[in-house]
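Novice: Chains P and X, in that order, are what the protein sequence lines are. As numbered in the numbering used here, residues 1 to 205 make up the first sequence, in order. As numbered in the numbering used here, residues 206 to 410 make up the second sequence, in order.
These are computed hints drawn from the structure, not numbers from a lab. A quick note: this is a predicted structure, and the numbers were derived from the prediction, not measured. Worth double-checking, as some hints may not be accurate.
[What the hints assert, rightly or not] Derived pair list, reagent style PhoX-like, types lysine-lysine, alpha-carbon separation capped at 20 Å: (1) Lys281/X to Lys85/P; (2) Lys273/X to Lys78/P; (3) Lys259/X to Lys311/X; (4) Lys128/P to Lys259/X; (5) Lys54/P to Lys68/P; (6) Lys172/P to Lys144/P; (7) Lys273/X to Lys85/P; (8) Lys265/X to Lys85/P; (9) Lys68/P to Lys348/X.
There are 2 protein chains.
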Amino acid sequence: MKVNYPIPHKENTVVNHNSGEVKQVKVKKSLHSHGMLFENELNLSNEYYRNIGKALIYKKPTPVQIVKVDYPSRSKAKIVEGYYKTPSTTDYNGIYRGKYIDYEAKETNNLSFDFKHIFEHQVEHLHKVADMGGIAFVIIYFKKVDEVIIMDIADFYKLWIEGAKGGRKSIKLETFRELGVLVNRGYNPTLKYLDAVDYKYFENN
Amino acid sequence: MKVNYPIPHKENTVVNHNSGEVKQVKVKKSLHSHGMLFENELNLSNEYYRNIGKALIYKKPTPVQIVKVDYPSRSKAKIVEGYYKTPSTTDYNGIYRGKYIDYEAKETNNLSFDFKHIFEHQVEHLHKVADMGGIAFVIIYFKKVDEVIIMDIADFYKLWIEGAKGGRKSIKLETFRELGVLVNRGYNPTLKYLDAVDYKYFENN
């Protein structure tokens, strides 16, 4: 499975970590109308939620396999050989309204979300979280229409299983709109996604 | 604050990531009587708990600030300059019995646990988790006596605050024995620490 990672200090490029191939990305399309990258917007929204004591949700560090470290005198340990590893779980987790919350964040240039953009073990992980009583979903940013939508893992899982059995290998934007909850934007936080979580998991049951 | 990280591929050495200083560590003392490192034992125990569907608890990856990446043709992206970052939160989190669980794991050669071995923001993080209704504790391995003990963050926090106000800057093993819960060993998992969690957070209330 292919995963694209941003290249540090090389803005507007991504690298495929299997092939090493470097691609230019169209900046306008990868930015929100607000001029901020989706992941950055999520991180800042989580920081805001932490600051007001509403939730404790963090992005997990990108896993790196460290092979070689140098120790220049009088300075910090320097990693001189390392490789990106496949993450064991999802990007974000934490606690909200006393419950465990866990989600994977993705963005797409298309008007559908292709299953190849999420790891099988991530879908299974979210499914297990829901089984154990946690809140689990995917949050997708559709760049073309500038919409952020959360979809509960139960809905996502059903379609994903259908895809695995020979059905559609992606979920259309219109299906996200139908089954998911739209995330409203604001000033602070810019992504009011916990309002969508409230609606789906606390008010709508 | 000093943090020691293990050096990959250089067993039995640790490096202080501020000074770059490399130290030999005494192997026998850093191993359990079972011959396994404490962190590894915790990771395997969590893997066991995941496999039997009892809990979903993972260690977070060590955060690395990536500065430079090379892309050798036909091979994976290679990180050629990176540095260890201070972790934002704790080592382990997940879901257990429907609740959010979060803890920090430490080991010590002494018969007390010195507060300098835990970051202030980690203690504050655990305190906030408990405030929000999550399960939060520290789990300490006292190598000399080969005992693993969990202490609820409320007890730990009280003593830590006293230390900050001019009191004791450490917690004695006997205080851990008195206020904490001893973790029993077994074959699978080797650290039956969720039994201690059951006793403290589910049966004893």
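Novice: Run every hint past the structure and note whether it holds.
Specialist: Going down the list of hints, with the structure as the test:
1. Lys281/X to Lys85/P: 10 Å, holds
2. Lys273/X to Lys78/P: Answer holds: Lys273/X to Lys78/P is near 11 Å, not above 20 Å.
3. Lys259/X to Lys311/X: Violated - the C-alpha atoms of Lys311/X and Lys259/X are around 23 Å apart, more than 20 Å.
4. Lys128/P to Lys259/X: 11 Å, holds
5. Lys54/P to Lys68/P: 40 Å, violated
6. Lys172/P to Lys144/P: OK: Lys172/P and Lys144/P at ~13 Å, within 20 Å.
7. Lys273/X to Lys85/P: With a Cα-Cα distance of about 16 Å, the restraint between Lys273/X and Lys85/P holds, given a limit of 20 Å.
8. Lys265/X to Lys85/P: 13 Å, holds
9. Lys68/P to Lys348/X: Distance of about 28 Å is beyond 20 Å: violated.
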